[in-house]
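Required output: the full structure, derived from the provided sequences and hints.
Listed in order, the protein sequences are those of chains A and B. Quick note: the first sequence uses our numbering, first residue 147, plus one each step. Quick note: the second sequence uses our numbering, first residue 147, plus one each step.
Hints are computed from structural coordinates only; laboratory data are not their basis. No incorrect hints appear here.
Result set (BS3-like, lysine-lysine): computed pairs, CA atoms no more than 25 Å apart in a straight line:
(1) B:K168 to A:K168
(2) A:K286 to B:K286
(3) B:K162 to A:K168
Protein chains: 2
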Amino acid sequence: MRIVYEPCQMQKIASKYRAWGKTIGFIPTMGYLHEGHISLIKQAKKDNDVVFVSIFVNPTQFAPNEDLDKYPRDIKRDEEMLTKEGVDFLFYPTVENMYSDNFQTYVTVDNLTKVLEGASRPTHFRGVTTVVNKLFNITKPNKAYFGKKDAQQLIVIKRMVEDLNIDVEIIGMPIVREKDGLAMSSRNKYLNEKERKDAICLYKSLQKAKELIDNGIKDTQAVKKEMENVINAYSIPKIDYININSLTTLKELEEIKKGDTLISLAVFVGKTRLIDNLWI
Amino acid sequence: MRIVYEPCQMQKIASKYRAWGKTIGFIPTMGYLHEGHISLIKQAKKDNDVVFVSIFVNPTQFAPNEDLDKYPRDIKRDEEMLTKEGVDFLFYPTVENMYSDNFQTYVTVDNLTKVLEGASRPTHFRGVTTVVNKLFNITKPNKAYFGKKDAQQLIVIKRMVEDLNIDVEIIGMPIVREKDGLAMSSRNKYLNEKERKDAICLYKSLQKAKELIDNGIKDTQAVKKEMENVINAYSIPKIDYININSLTTLKELEEIKKGDTLISLAVFVGKTRLIDNLWI
Numbered sequence: 147m148r149i150v151y152e153p154c155q156m157q158k159i160a161s162k163y164r165a166w167g168k169t170i171g172f173i174p175t176m177g178y179l180h181e182g183h184i185s186l187i188k189q190a191k192k193d194n195d196v197v198f199v200s201i202f203v204n205p206t207q208f209a210p211n212e213d214l215d216k217y218p219r220d221i222k223r224d225e226e227m228l229t230k231e232g233v234d235f236l237f238y239p240t241v242e243n244m245y246s247d248n249f250q251t252y253v254t255v256d257n258l259t260k261v262l263e264g265a266s267r268p269t270h271f272r273g274v275t276t277v278v279n280k281l282f283n284i285t286k287p288n289k290a291y292f293g294k295k296d297a298q299q300l301i302v303i304k305r306m307v308e309d310l311n312i313d314v315e316i317i318g319m320p321i322v323r324e325k326d327g328l329a330m331s332s333r334n335k336y337l338n339e340k341e342r343k344d345a346i347c348l349y350k351s352l353q354k355a356k357e358l359i360d361n362g363i364k365d366t367q368a369v370k371k372e373m374e375n376v377i378n379a380y381s382i383p384k385i386d387y388i389n390i391n392s393l394t395t396l397k398e399l400e401e402i403k404k405g406d407t408l409i410s411l412a413v414f415v416g417k418t419r420l421i422d423n424l425w426i
Numbered sequence: 147m148r149i150v151y152e153p154c155q156m157q158k159i160a161s162k163y164r165a166w167g168k169t170i171g172f173i174p175t176m177g178y179l180h181e182g183h184i185s186l187i188k189q190a191k192k193d194n195d196v197v198f199v200s201i202f203v204n205p206t207q208f209a210p211n212e213d214l215d216k217y218p219r220d221i222k223r224d225e226e227m228l229t230k231e232g233v234d235f236l237f238y239p240t241v242e243n244m245y246s247d248n249f250q251t252y253v254t255v256d257n258l259t260k261v262l263e264g265a266s267r268p269t270h271f272r273g274v275t276t277v278v279n280k281l282f283n284i285t286k287p288n289k290a291y292f293g294k295k296d297a298q299q300l301i302v303i304k305r306m307v308e309d310l311n312i313d314v315e316i317i318g319m320p321i322v323r324e325k326d327g328l329a330m331s332s333r334n335k336y337l338n339e340k341e342r343k344d345a346i347c348l349y350k351s352l353q354k355a356k357e358l359i360d361n362g363i364k365d366t367q368a369v370k371k372e373m374e375n376v377i378n379a380y381s382i383p384k385i386d387y388i389n390i391n392s393l394t395t396l397k398e399l400e401e402i403k404k405g406d407t408l409i410s411l412a413v414f415v416g417k418t419r420l421i422d423n424l425w426i
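Okay, structure coming up:
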């Protein structure tokens with residue numbers, strides 16, 4: 147695996163592969179890789195001639211009060227994992243290489259970013275869409291892979307790609323879970339032993355929602371109430387939000403609509419904020 | 147010349163040419179072509195294997211009080227001019243094909259768009275950068291050509307391209323003028339005979355500025371004062387602004403700096419707002 151630090155060098159390499167008629171699969175990450183990332187890479191390996199992965203902890207998607215500085219990093223371990231998976235290029239730029247002193251251009255998706263994670267983190271998605279736009283221009287992928295765990299991110303990026311006519315296919319991949327059901331996340335590292343046990347509440351509440359819906363319940367208020375009950379039975383977790391929205395517009399639903407429903411939640415487990423979701 | 151209406155079809159054609167190793171030159175226009183546009187096309191023909199021109203009167207860069215509806219159009223004449231120049235593809239999309247009902251993604255350049263034209267037209271540049279970003283994704287040019295007459299537009303687009311790592315070279319081309327010095331513009335069509343005569347005041351005031359600077363004057367207030375005097379000697383024209391700014395930051399200058407000075411002005415000649423500028 148070759149590691150590339152400079153955006154212009156990465157772009158030249160991408161251009162060469164495109165000129166040779168090779169297809170490029172791309173997975174943007176913030177590093178500290180886990181099985182969720184690996185599942186994206188395995189799919190990209192199947193679908194494309196070459197696979198590029200980026201590791202960049204993007205400062206513009208963190209608010210000042212968030213965990214930018216303590217976001218977990220372990221580049222050596224990441225490199226080993228990527229090499230083992232047969233990734234061709236790791237793009238690993240510095241903040242200075244991505245954002246010049248005179249940087250002032252932003253890509254914004256309006257409506258879809260006002261709710262859910264966007265309501266709790268008002269500048270988050272502007273940072274995400276801007277850096278993903280830059281990364282697409284640098285790595286020129288045919289296909290790019292995102293996990294469904296960051297459901298709103300995936301929906302927002304698909305919107306950006308369609309609105310700006312970006313010539314890339316966005317592939318959403320299923321959430322990968324620990325044995326007990328906790329969704330894989332680099333932030334799980336923050337949890338102590340007791341918190342780790344209680345963190346299962348997110349998955350348990352989504353299982354409860356699925357059970358209710360499978361039994362014919364359509365009223366979203368009733369589903370949310372039961373999910374709250376599941377979580378409130380645990381001692382540590384505190385609910386940030388539980389929402390049931392249309393997958394296409396992200397507007398809140400009164401009734402479950404099969405094929406167009408996203409059930410999502412954010413929960414503080416101690417100081418760590420975890421998210422999870424279910425696509426119905 | 148082939149005319150293409152659908153963004154996805156234009157994008158497929160662009161991809162084919164890129165895959166064949168051909169270089170693409172692109173000129174985005176709002177139609178009603180004049181010698182200024184033709185000079186861009188001639189340069190693009192010299193520099194590239196194929197030349198794409200777009201004609202799209204972009205609604206998102208007009209404010210509600212501006213001249214979107216009466217913006218001059220003559221597609222048959224434009225087609226003839228483009229054919230004569232040997233343009234390979236005309237991209238001529240509808241508004242509906244460029245902006246879906248659910249459209250909500252914008253590209254914004256922050257600081258550079260707060261002054262000059264951006265101060266008079268606060269939503270203008272967001273519309274320009276968004277549509278140019280879309281057009282670049284659709285036409286995949288190696289080089290794109292813009293006139294220096296829209297000086298701030300050229301500077302803002304260069305900033306967007308650098309900030310978002312867009313792989314296109316932006317070429318700024320000199321202002322083309324009528325015999326008496328009036329800068330070519332589709333909006334000149336709005337002028338009646340008396341207004342057309344007085345419209346020369348913009349160029350005359352820039353000539354005065356050049357004369358003063360050639361004679362060693364560095365004080366920008368003095369230069370602006372003399373330019374005002376030139377314009378105020380005409381009966382119809384009313385100054386909107388006269389500004390002297392850094393070409394790189396667009397901050398106002400107290401002293402002329404050779405190689406980094408933009409003298410620009412906007413003047414109402416009757417109801418028609420004209421702009422012109424000089425790069426020192």
